[in-house]
Amino acid sequence: MIFVILSLFDGFICHSNGVDICSAIFELFFNFSGNESKLGMSRGIPEPKLTAMDAMIDKLTGAIFIFQIVVVMVLGIAGNVWKDTEARKQWYVLYPVEGPWYELLVIPLRFELLCSIMIPISIKVSLDLVKSLYAKFIDWDYEMIDQETGIPSHATNTAISEDLGQVEYILTDKTGTLTENRMIFRRCCISGIFYGNESGDALKDVVLLNAVAGSSPDVARFLTVMAICNTVIPIKSKTGAILYKAQSQDEDALVNAAAQLHMVYVNKNGNILELRFNGSVIQYEVLETLEFTSDRKRMSVVVKDCQNGKIILLSKGADEAILPYAYAGQQTRTFSEAVEQYAQLGLRTLCLAWRELKEDAYHEWSLMFKEASSTLVDREWRIAEVCQRLEHDLEVLGVTAIEDRLQDGVPETIETLRKAGINFWMLTGDKQNTAIQIALSCNFISPEPKGQLLLIDGKTEDEVCISLERVLLTMRITSSEPKDVAFVVDGWALEIALKRYRKAFTELAILSRTAICCRVTPSQKAQLVELLKSCDYRTLAIGDGGNDVRMIQQADIGVGISGREGLQAARAADYSIGKFRFLKRLILVHGRYSYNRTAFLSQYSFYKSLVICFIQIFFSFISGVSGTSLFNSVSLMAYNVFYTSVPVLVSVLDKDLSEGTVMQHPQILFYCQAGRFLNPSTFAGWFGRSLFHAIVVFVITIHAYAYEKSEMEELSMVALSGCIWLQAFVVALETNSFTILQHLAIWGNLVAFYAINWILSTVPSSGMYTIMFRLCGQPSYWITMFLIVAAGMGPVLALKYFRYTYRPSKINTLQQAERMGGPILTSGNIEPQPRSIEKEASPLSITQPKNRDPVYEPLLSDSPNSTRRSFGSGTPFDFFQSQSRLSSSYSRNCKDN
Amino acid sequence: MTDRNRDRDSETVCYGCFAAFYLFTQQRLPACNPVLTPAWVITIFLFTGLIFIPFGLVTLRASRSIVEIVVRYDTKCIPEAFRIDKVSYIQDDSIPKNCSHFLKVPKYMKAPIYIYYQLDNYYQNHRRYVKSRNDQQLLHGRKYHGTSSCQPVEFNNNQPIVPCGLIAWSLFNDTFTFIRKRAELKVNRKNIAWKSDRDHKFGKNVHPFNFQNGTSIGGGKLNPKIPLSDQEDLMVWMRTSALPSFRKLYGRIEEDLDADDVVVVHLMNNYNTYSFGGKKKLVLSTSSWLGGKNDFLGLACVFVGSSSLILAIVFMLLHLKCPR
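Which chain is which? The protein sequence lines are A and B, in order. Residue numbering for the first sequence follows numbering that gives the first Met the number 0, beginning at 0 and increasing consecutively. Residue numbering for the second sequence follows numbering that gives the first Met the number 0, beginning at 0 and increasing consecutively.
Certain hints may be false.
Stated by the list, open to error - Lysine to aspartate or glutamate pairs mimicking EDC-like chemistry, simulated, CA-CA at most 20 angstroms apart: (1) A:K88 with B:D196; (2) B:K130 with A:E102; (3) B:K278 with A:E85; (4) A:K88 with B:D259; (5) B:K85 with A:E85; (6) B:K130 with A:E111.
Said to hold, decoys possible - Computed far set for chain B versus chain A, every beta-carbon distance over 12 angstroms: (7) L35; (8) V66; (9) F154; (10) H265; (11) L289.
It is worth saying that the hints were derived from the structure and are not from the lab. Virtual Cβ for every residue (Gly too), placed ideally from N, Cα, C.
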């Protein structure tokens, strides 16, 4: 979109004032990802993002903390009671008869120390480590390198990869994100005459070329506006060819098109522009540039014709920003029809206009403008107001239509992600028709009869309200049907809806899987993200330009496309990718794996700490509830730092399913979205497992090492090795794919445990001196170890096997299919997709539209893509898809309700 | 692109590491993906069962082959008159504490026969108790001063106590002598402590000092002439037990005992377990490769093994009934 780019340029100017430079330095210094070049955008420093998983881990940590407090209190009281009843009789403990009052606190505090390992500190370190590795995997991924530019994907924010796997809403920009943002001038309408309709390329239209050759004044004026109403700078290369440096792709397209139509913008020397038209040189002096803003939706330049001294205002902008300001009496109907027609083809339209100014009127205005430009307060608004005074009574010259092609793989990506249960919202600054057309061509919405498009419009509050109610009613009815219902809303109606009917709109947002919001401003984009976030959805915003920055920062995950609109969005984003289609891989592969891995790692971290802690608690019952630690401090420290952290770290290489399977069955992303692997009930499972393992280790140890073998150091080492053995097997059982590194880490860790303890056992001053050598020489030690492993892992294995085989989740089914070539893979293979047909269809079809009725209904039916099948049909996961979607959308409690 | 070129250069230099690293970065390291197929799982359980049951039986047999005589003597050794107030009996030094027992050897016992004393309900693992020792002092003697961990048995009359701490202070001091057929059985009381303790934990030049000199006297006394490294009873005692019921080695009888032999034990019942209801037992036991008599390991192995077998059978039936 044109104004995006202009606003970027606008930003450069703003940069020259110190405030922004300071803030830029500030941002750089504190490594904030945001790079906002526009002051108006930097409303706030983006908050540090917290993933849903982190929030869940925090909750679980809180629960464990409460559990810990309870344990400490219970044991503390029990300890004091035991002390007063039993320990006083035990002369060998020599308790003082009467202690100070705080004596009562000693035992609870000892238990607090013992139980402090219940919450693993190592989890933070491990998580940070693996998270940075997830990010590295994204950076390294060869399949996500943009082959055209060689730009690899990059994860700026290394902490939120898991959230990628939990995305429920994707809010996408259109231009540059779904499309290539490579603008090509295709058609134009000059004073009522359409050019380029037959050939599809106005530059080859003979009629236009003839008109140019004949120097028709209308055409000449039109081309002049095309060539100089912009901020383009021509650069002469050594070969004599002229290159244009444009901030905006649209301007670039227009200037280049003008040049091809013999209106060549040759040179800019200070304020003097030089044009060459059909051999004659025309010079203009630029007096003023009325910059583009997204509110004004147009830009203008005031130039003075150096030949005759006339002062002219040249304007270009969106149709609604130009056509209403035509001088009284000009018929703008042709132009609005042209705009309509072009938009239906998915072309971007701009209206060009011109006005001759009286010299004194201009000078009067010029003073006002200068004053407005130098105000400190509300400058933007003041300037807009002053500009308004000049930009009226325009003579509309014509309409340009620029084509922006879809990026490769966009329809496939959207379809796959749709199947994964992700809802798409398109937020664009473009016209409604253009947006709908693009949406159709990239699988965003389905054509009739599969899909249905509902329009929310209206200029007044009442109209919007009625329309909103109607749409909502339809949504409620159709939500049970397998229909693709989408709603379309424009910026104005959205503004009203968000302000007045937020509740209804929120409900609509939850019901609807697809939405198209056109003509929305950057702040509205951010508001929509905010709305979805407030309903507890995980949102991903993807965009490429400066106007997406706020949305990107607002969303749970911001993805920037490092495209032609500069790196602004990519810098502000958490992830930057080269092409929209990489989003599929980013979410389904990286996001999903990250989620699964973190889910395992975090719960395992709790599990291992709980095991050791439960053993300590059990031991306290046989040590007079006095708070004795069974394990020595070295072992305890090493347990968390070495013995149990290494094997779990290599779980970053674990893959439950191959990438190919995930891509084929994107539905399984549901497990991540719904948080099936990390929630209180899975955590309860791990909690139970830790309790069970602690009992196994403790009971077997104290019985196998009873009587004459019950020496403290030996017994504690037996219990510790029992834990280590169990850890190794737990990790092995929970690992889905073993690479050499995993084998090394799991079994190497076991060996390292013995190596470390052998080394410690050679140090005479250590408490463990000779212990490990003694133990390893005892057959009963090894029998105990095998017994612990068998007793601890047997039930776990049996349970896992039972669930895997007789109550399999979809993931288990796919695993079996993938690894054994079972029947599911072949029959469940999602039907081969007739992409070849769509490939032809997805670039905008250059055919004459057959009618010009209101867009949404007829267009859908005669869309070239009407043969496209809708998502999800015929897949074996259909039931589960619809089920899950419904249940998850209804079970959500909207905070607004 | 430049990255790739650079990578290609390094490819020629070190193809192996490059390839491995490349696969790592792309998360494509060759991996084996085990599946919990019925065949695998049933085999695992079957094997576990088949290994553990015989193994358990062997272990059980080893444990059962051990001959063990356990006598609880703490109650029997109190004269009738003192049965009501055992504590005053044990605390009264004027009353002789000697006591005799007849042990009948049920089976042939092969030397060495280990003599243990067993204490029940004795919390050597109490936190106050476990911490109350100082390894540095045991090794270096009075030269070492940082003995605060030994409280409350650290100083007496402003003199440091060597060995300090509750553990040493509460040293077990019952003694046993064994007579068979009127001849005293030779009891070897050397090498009952760990060799590592004798060599590296207890100092050769450290002599007991100021030990059991205070007002409250705990357990046994030590001969100040003998260095700590030769006080094996102390070493054995100071290897604290993790369980409230434990056995500690007293010595070894290095003669075989025949079945139906009668052994008379003369013991000095000095140690106070009466105040807290502890039990004292004397244990004579042979040993095997497993150690002392302990059926638990064998039984547990048999239990785990048979459970695995049952699981294997259940899964097999399940698999046959509803094959997947």
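Do the hints match the structure? See the list:
With a CA separation close to 31 angstroms, the supplied pair K88 (chain A) and D196 (chain B) exceeds the 20 angstroms bound. Restraint check for K130 (chain B) and E102 (chain A): satisfied, since their Cα atoms lie roughly 17 angstroms apart, inside the 20 angstroms limit. With a C-alpha separation of about 15 angstroms, the suggested pair K278 (chain B) and E85 (chain A) falls inside the 20 angstroms cut-off, and the hint holds. Among the hinted pairs, K88 (chain A) with D259 (chain B) is inconsistent with the structure: their alpha-carbon atoms are about 41 angstroms apart, more than 20 angstroms.
Using a Cα cut-off of 20 angstroms, the hinted pair K85 (chain B) and E85 (chain A) holds, with the two alpha carbons roughly 17 angstroms apart. Of the supplied pair hints, the one linking K130 (chain B) and E111 (chain A) holds, its CA atoms being roughly 18 angstroms apart against a limit of 20 angstroms. For L35 (chain B), the shortest C-beta to C-beta distance to chain A comes to about 5 angstroms, within the 12 angstroms cut-off, and the non-interface label is violated. Every CB of chain A lies more than 12 angstroms from the CB of V66 (chain B), the least distance being 15 angstroms, so the non-interface label holds.
With a closest Cβ-Cβ approach of about 14 angstroms to chain A, F154 (chain B) is found to remain outside the 12 angstroms limit, as its non-interface label requires. Every Cβ of chain A is farther than 12 angstroms from the Cβ of H265 (chain B); the closest lies at roughly 23 angstroms, confirming the non-interface assignment. Some Cβ of chain A comes within 12 angstroms of the Cβ of L289 (chain B); the nearest lies about 5 angstroms off, and the non-interface call is violated.
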